[in-house]
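Student: Here is what each chain is made of, one letter per residue.
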Amino acid sequence: MNILISALLISGLFFFIVGTIGILRFPDIYTRAHSTAKCDTLGTVLILLALIIYNGINFVSLKILLIIIFIWITSPTSTHLIAKANYIQENKDKKL
Amino acid sequence: MKKIIILILYYLLWIIFAEKLTIQSGIIGILFVILLIKYNNDLLSDYKFVKFGRKLKYYILYIAVLVYEVIKANIQVAVIVLSKNPNLSPCIVEHKTKLNNNFYKMILANSITLTPGTLTISVNDDVFKVHCLRKSFKEGVYNSRFEKILFKIEELNNAI
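Chains as they are written, first to last, in the working numbering: chain A, 244 to 339; chain B, 3 to 162.
Honestly, I wouldn't trust all of these hints.
Quick list of in silico lysine to any residue cross-link-like pairs, SDA-like style, CA-CA up to 25 Å [to be verified]:
hint, chain 1, residue 1, chain 2, residue 2
1, B, K140, A, Y330
2, B, K57, B, K137
3, B, K137, A, N329
4, B, K40, B, R56
5, B, K40, B, I65
6, B, K100, A, T320
7, B, K154, B, I8
8, B, K74, A, N334
Beyond 10 Å from chain B on every Cβ pair, some chain A residues (computed) [unchecked claim]:
hint, residue
9, Y297
10, G299
11, I300
12, I316
FYI, nobody ran anything at the bench for these hints, they're computed from the structure. Since the model is a prediction, treat every value here as computed from it, not as a measurement. Cβ atoms here follow ideal geometry from the backbone N, Cα and C, with glycine treated the same way.
Extracted from the complex, chain A is given alone in its bound form (with noise of 0.2 Å):
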């Protein structure tokens, strides 16, 4: 059980490092919201996992999961918000 425990947790930070690596290899601000939708999407959901799976199925874990669901739907809203916003302000450069 704890060699699951250390690779899902291993594997979670694995994910959070490229996506730091990401942010600072990419050209831009799209490239970079790619880059670091993968620390939200995999990278939290393996730690989480981890911590549920160490944890047992008790209150607690339930509330992870709990966690875990409102991640995946808060995470993309904030992605889509910073890329709409430097659309709107690349456009509006373009027209003046």
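Please build the complex by placing chain B on the supplied structure of chain A, with the hints as guidance.
Tutor: Using the frame of chain A, we list chain B on its own:
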């Protein structure tokens, strides 16, 4: 019928938050759930609870496809980030969807953003502006499996 299903869902959520089921927390929970349904009613008016069993089957299929696509796309983007020469060719494509219901459009836009490599910028009526990390990700937007499943759910909704 619709209100009873929502009441049960809200009450399960309350039990999870309260961490125990005593007489006191049960009564307070019932009061708050009834107040919530009373004041949130117009937010849920868009959603129809017809053919619940068959829709539930499609929703479970949808979640499975979503998890599979997210893992696949994550590995693809990780390979791009770590490769020595990331051949980026960012582009913005427009995609016209067949969906009518606002709720399903929201689910589709969020799923497109959730899979790395594609990112919804704006939704106007039925035109999605999608930003792709590489030109090869375009195909996944034009014929996505998400839209087919959502379209089937919407057809079930319309044929009452």
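Student: Going through the earlier hints one by one, which of them does the structure break, listed in rising order?
Tutor: Hints 2, 4, 5, 8, 12 are the ones this structure does not satisfy, whereas the remaining hints hold.
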